[in-house]
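Now for the letters of each chain:
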Amino acid sequence: MQVVRTMGIIKISMEPPVIDVKNLVKRYGDKTVVAGITFSVAEGEIFGLLGPNGAGKSTTISILSTLLGFDEGEAKVGGLNLKREKTGIKKIIGFVPQDLAIYPALSARDNLSFIGRIYGLSGAVLAGRVNEVLELTELTDRADEPAGNFSGGMKRRLNIGAGLIHKPRILFLDEPTVGVDPQSRNFIFEHIERLNEEGMAIVYTTHYMEEAERLCGRVAIMDGGRILAIDTVQGLIGLAKDGIIFLGIPSESTETAVKPFQPMDVRSTMAPDGRLKLETHRVDESLLKVIAVCKEQNIAILSLELLKPNLETVFLHLTGRRLRD
Amino acid sequence: MKKMVVNQIFALTWKDLKLFFKDPKAMALIFLQPFLFIVIMSYALAGVFGSGKPIRILAVNEDTGKEAGRVIEDLSRLSGIAVETAWEGSPITRKKAEELITKGRRTLAVIFPPDFSSVLEQSPAQKDRPSTKVLLMVDPATPASVTGPVLGAIQGMTERTAFTAQMPRGIDYLFDQYDMTQVGISRDAFKRKAQDSISRSSSSGEDKAVTVEKTTPKAMKMERFPDSFQQNVPGYTIYGVFWIASLLATSVLREKREGTFTRLVAAPIGRSVVLAGKLIPYYLINVLQIAIMMAASALLFKMVFGRSASGLVVTSLALAACATSLGILISALASTEAQASSLTVLLLLMLSALGGCFVPRFLMPPALKTIGLITPHAWALDAYQDLIVRGYGLTDVMPKVGVLAGFALIFFVVGVRRFRFE
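Protein chains in written order, with the working numbering: chain A, 74 to 398; chain B, 212 to 633.
Treat the hints with care, since some could be wrong.
To give an idea of the interface, some chain A residues facing chain B are shown, with a C-beta separation under 10 Å as derived from the structure [said to hold, decoys possible]:
| # | residue |
| --- | --- |
| 1 | Ile162 |
| 2 | Val169 |
| 3 | Ala174 |
| 4 | Ile175 |
| 5 | Ile191 |
| 6 | Tyr192 |
| 7 | Gly196 |
| 8 | His239 |
| 9 | Phe262 |
| 10 | Leu380 |
Calculated from the structure, these hints are not laboratory results. Cβ atoms here follow ideal geometry from the backbone N, Cα and C, with glycine treated the same way.
Work the whole structure out from these sequences, hints included.
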């Protein structure tokens, strides 16, 4: 049984998971880059892997896309064993790499036709499918222009389109919005949502918490090759409970800095950057009190930052670091 | 402000120096490549620029008299030529010389006929006096720049010996014209007779008692001596053909860098299919390249490509397989396009030089000549020369084609095993 939240709707799925990962480990020499992760993805779910660069997200997605081998654990993709049935898995997945994996000298149509042929499409079926994907990515008008002439956003759309040409059951998207302007980013989000509405399961890696919050039903927060928490977005935010106030004040030691705020209903610690970190479940209310205390105790406020409860604060709560540190 | 700029420049310089000295491949390319190239090219070109060993000529002396021996002695004294009169302790025979040239052990042999001395000893006054031929047997792949001076030297030495041998006969002829007891011989008449006698001794043109003629071993079915295009085009063609390796390797590494290779590996096709898909188009381009180079040489330079079209096709196919497989190997060894380009330049220039594409291998020192055999270039060049200038056919070149196919197989297998798909 799977709990799936898709487009804001929570469903109970009785289908077996489309991706099932147990204690997956990947090492490069002595370095463990994926350290025993376990998770599953349900049919028709958008599942997010959120974490900073180097967290192990891309390695995980590369393993599940059959691009990389793994050292320990087991995994099934589309019900097929990842170690023994790679060719079968390749047929049912679409992979959109982080890099723009398109041929700039070829037109959009030629790029899609080439990838389609690689996946065994031909003749009228291929031509029809190429036209569908061109339409889906809104590149029909410029289909016969070399992709090298396209804007960054158009190239990204073509990159995604190339991963869809064979109508995959599961789509892996590895940070598909890196270097994309806000308009194209929204366009990409809309496409992903449309694909998901059609029933496609999507695994989406990102280090932008806004993207995970908008798109993903469930999110696994990764850091250092481990999954720190896995839940729906609301469930994860519930983990942190509190918002955070970062306060820059002159202080000689943690003890002296924390002392004036101890009577308040906040958890006060020193952040690694030397600022005072006040965790509170009522950020706005606490902020007024903090300012009042500072005024009363004659403490100069050098800087002030508010973080309302979101995936960023969850990550901070779990690791003590920010997503983009 | 100035200090800050200086510090920034210093920091940038330090950073790039540090990066450079942390990259052993880059260091090898910068420091080792020119050194290796200097060493190889200097040794390879030593024969051409005169600082190397002399050109070796086999001397076959069938002469029953002593005159041929004198010519051979004179030749031995010439700098730049080393005359070999014996092989493994025995005097060299015509058959042995033919065998050594056919097998590619030597490239030149001078053969003095049995009647060499007796012809020279004939009186220049004799009517229908006999003549004879000294043969310079050559491997037709030997460039004219080598055979020309050797032929000239043998002609010069032979004529000098002939003149020296015939001069006494000329003097005899002069004095035979007069009764020396007779008084009042006209000074002018004597002078004319003396000039006639000397001219008979040093006869030229069709009257020459001894001529030097270039020939090839009978086993080589030569119809005529190759022209400069037939000698140069195969070497430069092979040199050009191998550059496909650079194109192929950089194409693979560009696909890896741009991510399109990842997309291919993620697709349901075998890894060997991915590599074959990379290799086949470049193989076809390579074959087309060879065809165009040969067609252009035939059309523009009226070059004749021997008698065996099938031999040329099979050799060219094996050569193209070698070049494209080398591209796969380079793409497996290099990590970046820049590395692949540099590695290809280093490898191809060295292989071409060692393989005899720039300088005939027989002019190289023996060690370098032997090392040349580890290059596919040497085998391909030899096969082409067999077909184009030595008049051989398909079956004759099959062993060399087999070696080329072996090189292709080794390059491909090692390349595939070392190839990083991840």
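Taking the hints in turn, this is what the structure says about them:
no. : hint   : verdict
1   : Ile162 : 9 Å, holds
2   : Val169 : 9 Å, holds
3   : Ala174 : 4 Å, holds
4   : Ile175 : 7 Å, holds
5   : Ile191 : 5 Å, holds
6   : Tyr192 : 6 Å, holds
7   : Gly196 : 19 Å, violated
8   : His239 : 9 Å, holds
9   : Phe262 : 22 Å, violated
10  : Leu380 : 35 Å, violated
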